[in-house]
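Asker: Sequence:
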Amino acid sequence: MRHAKQLIAGALAALLGMACPLQAGAQQPYPNKPIHVVFPYPTGSPIDAIGRLIADRAGKLLGQPLVFENRGGANGIVGTSYAARMAPDGYNIHLTTTSALLLNSYLRKDLPYEPLKSFTPITAVADLPVALMVSAKVPANTTREFVDYLKRNPGKLNFGNVGNGSFNHLLGEQFKAAAGVDMLQVPYQGAGQLSMELLGGRLDATILSVGSLLGQWKAGQIKVLAFMTPKRHPLHPDVPAITEDFPDFRPFGNWMGFVAPAGTPAPIVAKLADTFRVVLQQSDVRAKIEEQHWSVIGNSPETFAASLRNDTAILRAAVDMAGVKPE
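According to mature numbering (1 follows the signal peptide of the UniProt record, and there is no 0), the sequence shown holds residues -26 to -1, 1 to 301 in order.
Read the hints as simulated data drawn from the structure, not as lab findings.
Using 30 Å as the maximum straight-line C-alpha spacing, the simulated DSS-like pairs for lysine-lysine come out as follows: (1) Lys7 to Lys34; (2) Lys125 to Lys299; (3) Lys7 to Lys91; (4) Lys205 to Lys111; (5) Lys192 to Lys262; (6) Lys205 to Lys150; (7) Lys205 to Lys125.
Using the sequences provided together with the hints, build the complete structure.
Answerer: Below you can see the structure in the form of structure tokens.
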């Protein structure tokens, strides 16, 4: 009997000894393997370059590489749909934009993801403020002067956008409603064509980022009247925000940020958010972002989630105002 007890005790000790390495393996600190980052647009864009820079720096801090993958197609829908199906284990995350994550839900029917349900916010990286700008031939130097001119010439000026339901189409409709003015919306094939028409004086007004037209702005070929933001742009503090003339104007954010598939553990989300915020405080990273006229954000998962809900409500109202129907 005594011998049997010794045998049982020995067997239990052996089993416990086998379990210890398994338990130790299960408790390895996160991350213990590379993290997959999906971006829903092709390579070569400023967002792609910024995302890769942040991923590289975050990988160095975490001790594991962040492996970047571009999955472009259908204005971000292909990559976003793929990201929504990834395992929520902390080793799959998604760099996205206002357009890909939120705006597509109002432009396309039967999307295979729901923006606020399919993903868990990590952090908003940066915002690209866009501005109300007019051709040099328009006799207005401020937003109020422009509104007064429009009211004296209803329906005579045109306003360019990059397509039905695009960010500048929706912001243009919001501006028209807030100011009580009328302009003809004219769609273009892209921002490049639109910019050329504005510089040539064939287009009267639009809403775009000033980054690509900075030289022309400084040369007086266009006039920047106001940023479509709640506060003044930190890189251009001399230009008013649209809310200074229209306090009730509610612009939606034009951001890029990291999210994870819904169900990703909260401690992992918090660790990723903290890591990205540290990266965004690095002076050379901030300089690279600001070179593209983006404003660095780096907020908490909770704050990013709240801003997503706010943007969703604003976009819903703007889409209804513009009469955009999903295709």
